[in-house]
Amino acid sequence: MGVFDYVLAGILAVFQGPLLFEGLGFGIPAAPLMLFFGFFVGIAVGATPGLAGPMAMAISLPILISIFGVRPEALLPVFGFLIGVMKGATIGGAVPAILFNISGTPDAMMTALDGYPLARKGQARRALRIAHVSSASGDTLSDIVLFVCAPFLAVLVERFLDLPEKTALIILSLAFVAAIMGDSVGKGLISVALGLLAAFVASGEDFYPRLTFGLDALSGGFPLTAVVLGVLIVGEIFASIEHMWWNGPEPPAKVEDTSKRGGLRPGDVRRIAPYAFRSAVLGTTIGALPGVGSTLAATLGYAFGHQRYKMRKAPGDPQFGDGAPEGIAATEAANSAVSGANLIPVLSLGIPGNAAAVFIVLAADSIGGFNPGPSVFKFTSPEVNPELVVAFGIFTLMALGNLLNWTAGWYVMRAMGIMSRVNRHVLMPIVLLVTLTAIYVQETNLGALWIIVGFGVLGYVFRKVGIAVLPFVIAYILAGALERAARQAFSASGADPFFLFSSPVSIVLIVAAVAVVTLLSREAKLSVGHRHASTVDQR
Amino acid sequence: MLKMAVRCAVLVAAVSTGPVVAAADPGNWTPPGPIKLIIGFPAGGGVDTQARLIAQAMEDRYGWTVLPQQVPGNGGNNAALAVAKEPADGTALAIIVTETLGYNAIVAENPKLALENFTPLATTARFQMGLVARAGGEFDSWGKVKAASKAGKPIRLGVATPRIADVTYHLGLESGVDFNIVNFKGGAGVMNGINAGDLDLGWVAGVQSKYVKSGEMVNVLSGIPTPLVDSPDAPTLGKVGSKFYIDGYFVFVGPAGMDKKARAALAEAIAAIAMDPETKAGAMLARAFGGASAIRGDALEQYLAKDRSAAKKLLQAVSR
Amino acid sequence: MRMIVFARLKSNPPTPSVRIAEPFGQVPEPHPRRLERRGQRMSRRSGARTEKENRDLPRLTPDRVIGLLAIVLGIVAILWWVPADAGSPLIERVRGRLRIGDAMAPTVALAILVLGGVVLLLETRLAKHSIRLSPRSLIFLVHCLIVIAVAFALMRWIGPIAVAGWAAATDSTATYRDLRDTVPWKYLGFLVGGTFLVATPIVLCERRFSLRAVLIGLFSAAAMMAVYDLPFDDLLLPPNGDV
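Chains as they are written, first to last, in my numbering: chain A, 1 to 539; chain B, 1001 to 1320; chain C, 2001 to 2243.
Here chain A stands alone, though its shape is the one from the complex (with noise of 0.2 Å):
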């Protein structure tokens, strides 16, 4: 079977697979259906602040899983929902920052800079519209370049990359996730190390619990789900109460403007382009390296449109900060554009470098049948590989995915100001309680509660004293596969102690590791006016 042959099978398999209902004898595919819902939930979730895409991503797994099992057939359909939450919600982020001066994350509050002057204006539809098109186009220029670059790369690594140099990368991806993500370099590497010790608690060779200290409620380890779950959730959830907890709950959101009249000028689209395009190369670029976001997409997508802008804009026109459409678009073309890249390193490689492909991550490996990694992109003929039809068939979603963000996105995203509403302090505690119902489901033993709530504990403690909690739990999903890899080099190597510096392709890698650690660690982020420096006053 060659590529198109396997393109075609992947469309098919979207289209062909299982059917959520049957209705005017037709039946109605499972996976378009739920990447609808999914799209409708995101954009939902995006708009709600104190929510965020991965938030909806954890909580619905388990529901899926319990709807669809865990055959190969529930794949595209839980995928389905999955991509259309990460879509929805990079789009929906926008709307409470446009309308309300809130966001539902950091990287939408470089949207409010300039969208919610606009809307001051009275030109909030206008800022809407501006935001939803650039966004839009982001999202699709970065699944053009997923659709080419994931196989490319997956088939690269698996040719010319073995044991131990496999080994290597994900040395250095790890090394590249404690380095950038956060404020410092050490504690990433302190957040990366814990998430590896705590990935082979009972993970041993011969069935010795290791690392359990004789307890036989550890003897089955961490459950995966429990783990991700509570750091990234239920950590979240106490940090966020706790801001309510001592200074109350906070005032509902006050309406600035209304005004539905006015969408886009012409000319507008014109206008925002050339900001738009270039943003959206930048965070197709940036998304494609694990560990870096959205975040920093949105605000260097900001800071070089405003060079641009600076020199171009005519006399009358508003600055950056002021209502410039361009600074909307420079923005929210780089943060949606971070979305498809980012899948770029889990499907060719497995390793996940944001919250939303270490949910895919999660999803394949509750369902299996899918392993995120090189392996899926074999093009065997004339046996078929069903890994690579799925991975096609994830690539037809993204593709809807677009064309439902270009088409139904604008409505589903005017109509969510009402989400900016919802009480954060009623939300949080419903959330947690969602979470944990879920993972009993799943384990079926208070046990896991508790595991749960002490990872939550320990996301607590990391938020705290400012360590990231994403290279922790990056390291928990890659802590297995590095074991593994670096016992088979070893093992095919005939037991040699330099098995990693065997081949110039491993030698390179591990100094581009040591290279990251210490060259980023250099810049001393702590003492430049960094933005998020820690001056916080942690209270």
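I should point out that these hints are in silico values taken from the structure, not numbers from a laboratory.
Worth double-checking, as some hints may not be accurate.
Unchecked claim - Distance condition first, Cα-Cα at most 30 Å in a straight line; then the derived BS3-like pairs of lysine-lysine:
id: 1; chain 1: A; residue 1: K378; chain 2: B; residue 2: K1185
id: 2; chain 1: B; residue 1: K1144; chain 2: A; residue 2: K378
id: 3; chain 1: A; residue 1: K378; chain 2: B; residue 2: K1213
Mind docking chains B and C on chain A? Use the hints.
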């Protein structure tokens, strides 16, 4: 004397494939409450699917309530430890593999996994454990394997559990073949390794069936004492020099000291469902494992005891 | 480039009125008004500080403590914990070949922990500021854990206690375990515990008890029951997997 002969006959029949005797009716025992079924392997796998189908059939046929729970990990040890703590009135059972209470229990050095802590109920199917290689490759017969080894070619062989690794090592020692043994996750992992070209050979316990039937793969050896259903011509481990087999069944066990009526009823129920190809469970076992095999009662206890002592001998022979 | 961006941002900061949920990788943005107030408080408390005083932070900032803890605990763990609690040493000989043992991976992870601590200490030398922790965080955490523990206890024991009471009243010998799949009993614990888990934080945040909070809790727990238990036969709500 006659009793001894009958016992021997039953034992022989018990350790060969195929049903032992037609399953009797579970009688009119009813469980005092909902039955907890502890599944020792991850969701979606062969064991899990089989267990849930059997649970469903129990509910449909006998009107009992069966609530499955997943307790995976450590080759079934976690599930075994969990079921040992449950009450012994017939409301708790676990599905594991015979290897769990044999080799795995010894290596884990956990006294809670002693055979006395469990009541064996019934097996469902035997592993069709075969040494799989690509058809038409340079390792698709035992003769070719030996020749390749003599010529000094490295032979990468994939295994899914430590016991299989030990038996392979022992086979290597006895037959003079030097295997490079590589650990993979589960039979499916080994199968993927062979497909991907990372492995030359691999021990697989049933997943290889469709590939063998289509001619892409061959079973070079049979790991069980009898010929494989798919490849009756493949020599068994014993014929090529090994003193040990990689034999095993999926087995249901309960906690120690189980109520006799409960034990009989549950065992008969499992056997009846497994061996009935009309049920979804029976059909699945027939398709995936070449037929059900429901050993119960004393025969099962003797099999488990034999399996454990064989595992001890294997560990000594391999003397780590 | 970065300096330009951040200078620009500093002169026109947005004023979010809620705490922003960070994308799991970053530390939340401080509220600009609060930073101003803190600066004023600091200068009020200690009088104007000289630049030298500003540069010489106390020796044991929380960042330094974390770094030191990482180093010390990492070394202790490598020397004592891993060898005592791993099934095989760093490298072992098995089946005639050398292979990496169980102790290697945790040792490597702990080595990275030590390295992280060292790098952190080096970074704090260059830093002019550090995070500040307050005991209020610990108080909050303990409160949270108490609420959660009570909720779990309710989930676990309300059902069995209710069954015991009912059995005593009606002279039956049924236990919770027998009844854990029948309708009123299997929901009791979860309903009560779930309502408590949701309602209590709302009440504590609003600083007053309100029926609305209890109803929200009840509704959430009921919704969870509807989603997980009604359509599916085999899913277990707490505590029915534990009895």
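Here is what the structure says about each hint:
no.	hint	verdict
1	A:K378 with B:K1185	20 Å, holds
2	B:K1144 with A:K378	28 Å, holds
3	A:K378 with B:K1213	23 Å, holds
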